[in-house]
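Student: Letter by letter, the chains look like this.
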Amino acid sequence: MSIAATEDTAERLARLKQTIEDLLKEAKRRGATAAEASVGSSAGLEVSVRLGEVETVEHTRDNGLGITVYFGNRKGSASTSDLSTGALRDAVKAACAIAEHTQEDPCAHLADAALMAAEIPDLDLYHPWHLGVEDAIEIAAACEDSARGFDPRIVNSEGASLSTHTGIQVYGNSHGFVAGYPTSRHGLSCAVIGQEGESLQRDHWWTSARAAADLDSARMVGERAAERTVARLGSRRIPTCQVPVLFRAEVATGLIRSLVSAIQGGSIYRRTSFLLDHLGERIFPEFVRIHEEPHLPRGLSSAPFDGDGVATRAKDLITDGVLQTYLLDAYSGCRLGMHTTGNAGGVRNLRIVMGDLDRAALLREMGTGLMVTELMGHGVNPVTGDYSRGAAGFWVEGGEIRHPVEEVTIAGNLKRMYAGLLAVGNDCDYSGSTRTGSWLIDKMTIAGE
Amino acid sequence: MMTDPIAIARTSILEPAGLTEQDLDRLLGLLAGSAVDAADIYFQSSRLESWVLEDGIIKDGNFSIEQGAGLRAISGEKTGFAYSDELRFPALAQAAEAARAIARIGQGEQVRIGEVANKRNLYDPTNPIASLPDPDKIALLQRVDAEARRADPRVREVVASVVAVQDTVLVLGDDGALSADVRPLVRLNVSVVAEDGGRREQGSSGGGARADLDYFLLEDRAMSFAREAVRLAITNLEAGDAPAGTMTVVLGSGWPGVLLHEAIGHGLEGDFNRKGSSAFAGRIGERVAAPGVTVVDDGTLPGRRGSLNIDDEGTMTQNTVLIEDGILCAYMQDKLNARLTGTHSTGNGRRESYAHLPMPRMTNTYMLAGERDPEEIIASVDKGLYAVNFGGGQVDITSGKFVFSASEAYLIENGKVGRPVKGATLIGNGPDVLTRVSMIGNDLRLDQGVGTCGKEGQSVPVGVGQPTLRIDGLTVGGTNA
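Protein sequences appear in the order of chains B and V.
Under my numbering, think of the first position of the first sequence as 34, with each following residue one higher.
Under my numbering, think of the first position of the second sequence as 4, with each following residue one higher.
For the record, the hints were derived by calculation from the structure and aren't laboratory data.
Warning: the hint list may mix true and false statements.
[Claimed, not checked] Sample of chain B residues at the chain V side, in silico, Cβ under 8 angstroms:
id, residue
1, Glu86
2, Glu229
3, Thr273
[Said to hold, decoys possible] The list that follows gives simulated cross-link-like pairs (lysine-lysine, BS3-like), each with its CA atoms no further than 30 angstroms apart:
id, chain 1, residue 1, chain 2, residue 2
4, V, Lys386, V, Lys419
5, V, Lys62, B, Lys50
6, V, Lys62, B, Lys58
[Unchecked claim] Stretch-level coverage of chain V by chain B, calculated; a stretch enters the list once three of its residues show a Cβ under 8 angstroms from a Cβ in chain B:
id, segment
7, 67-78
8, 84-95
9, 156-168
10, 203-210
11, 237-251
Glycine is no exception: its CB is placed at the ideal position from the N, C-alpha and C atoms.
Okay, chain B solo, but in the shape it has when bound (with noise of 0.2 angstroms):
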């Protein structure tokens, strides 16, 4: 990183800090008894090739400002993209109208000031990538070209993509707190399609990181993008049965999403949570852990502070099977008479512990069953927890891969799910902020032939 490019991230930082407290002034002034504010500054590069021609260069650039004002425990707020000085005024004075028709509600206020990050620690999260649109193009081609040249039944490509973004975040509120960060973010990805026969079927494959260096290699995200579309051709039905179903590990992440959004405190206050009054409850078998680490260096959701300003802090959510806490922000917090979490803004950096059975192992372990590597549309109801989606995988027998399996549904209900969860594997094998390995489920629906 050169000296020059920190400065400059410094110098942006220290006027968009400004600009928050400038906004916080102008809250003020309007007669607010308190306000909050946070303005996002971001810059990038995405290109795109597909059969090893240029598709499309984008420059991204994206400013973006909310403001909170509270008169009291009334509140009203507002937004905008353009952060010049008159569009700023003009979003105060909007929150501020918004205000004088919104209600009295005890818990419509800010943190606790005590409760504000004393420090903010450098978590490593801002490694900019100097790359010109020629060196962008020519990982994204590498990519495709790895993908395309695997097997000779990859015959046509959606192309591959490269990203690379940097950007500050800048929180403050009337408390006095004001502070900041600069991140970067970058990511490749392919998608190719396979035919054999009559079957056309496509896949695609990842990496994401913070510092380049972390990206798995532009080979390696194409042979697995076309090494994944491979093992697809040939898909069929199977029967409809009750099975054993693994959740490989980039989709039993979905799974843990579940939990999430069942044991924020709007769901819970809202009262749209099948788990609902399960704090302290066995959820899950005796083995599982799941926890935070929000100050992970490097971690794709690693933020030293949440949307509330409150520090955040490592924690578990599930021990020993039993769920720990809900994760609330002010508010919920405030509306469930609990204390804040620490997580406006939602989870970040989520680990489940991992056991000591590799893939192979884990499909013997199943013996027959549906191996799940891809979930489609949205069949979660969260206030009942009855889980209904489309699927697609490999049938498995004897502990082996038989033939790959679509047009399909699995059905269960993710509270049962939970408690027949039978194994988590050590198979990590994906980049992404929720960690875990593959699930293996005792039982569920499969709706086919």
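Guided by the hints, dock chain V onto chain B, whose structure is given.
Tutor: Below, chain V without anything else, positioned relative to chain B:
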């Protein structure tokens, strides 16, 4: 009041930024050169206001302003794109040069900027945010809350929201053609949680249109959304396990048309067909549906959520027949894909905002009515599923497999609608599902104006519709094997 969209766009976008006719001309010169086959500049100014009621009180409101310009230069199949949220000339010139770097340097040609008059008025160029005084918007949500709570004592939580958007766009083509559209959009949503004994369920309803907010005051609409949300929650409180397996399915009219959007709509978008990645590629003229099935994509329905006077490339929208009497007739095109495949844009070039590239997208996609009485259709089924409300869906356009998730469904037994069953995902194969349509109702209905379609990370408002349909053999993803 100004009613000419171009005049409104000039006043609200170009004038505040100090952009003159010469500036536009110079920008086009920077963007389009001899090696550039096509170029455009898309100016946008968008205002959104939302109000949320929860726990019986107006909890939050938000006002948001978004504006900017997207500049695109195309050479062959290559697209260069840059955007700016700053509308001053230097920022736009910089974006033009970045976008234009895609093509070899060439001399920009002079074109004359010429206004293209709006030939269509599917909705008034109003500002729905100002269409109702703020206290009336709040009173509306409070009445919705009261109606939902009155409808059934088992209602425990009510969340209601109303959103109004005014979106003004100005499209400058490489030929100097300047077109504009002022697009109002309103939406009202109600979501309730009902509890009875140990069971809890949720029900949601809502609607919207390209209209002013008084749309919700007319025909008792807002109140009927409240009652409908409650009815759904209460129905689902009593729902049993859904069946699993392949069976005869009767789909209700209206919103279940999400079937068409997923099963065939996306597969008929021009980009996927040019690239050969769609299961429908190269199949024009072939039978893809049963006789009697005619499906259109119609962007010209007055006031509908999916309608547009012009698309985001300045092309007039149209009513495109996609499938006629079971035969595949046409794909939906934007300018780029039309040019590369030697055809014309069908007015389906859409983008989420100035910060996104346009691509072929649906508008209002629906199946025309047949002749059967819906009751006769249900009576014809011995054993099957009657699905009348849906959440979203998804499709893999290459394999053709699609899903859509029922949120209200009933068993059909001996030709009669029986007990309600829990929501389940339905899965099928796009290229053959419509060949299994065995009966088409005479009750074509469009949805209430709630659809949002996502493609490659971009969301746009759309509509769907269909008459009651009988499909012989669709896989129902329940738990009851």
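Student: Among all the numbered hints in the text so far, which are the ones the structure does not match?
Tutor: 2
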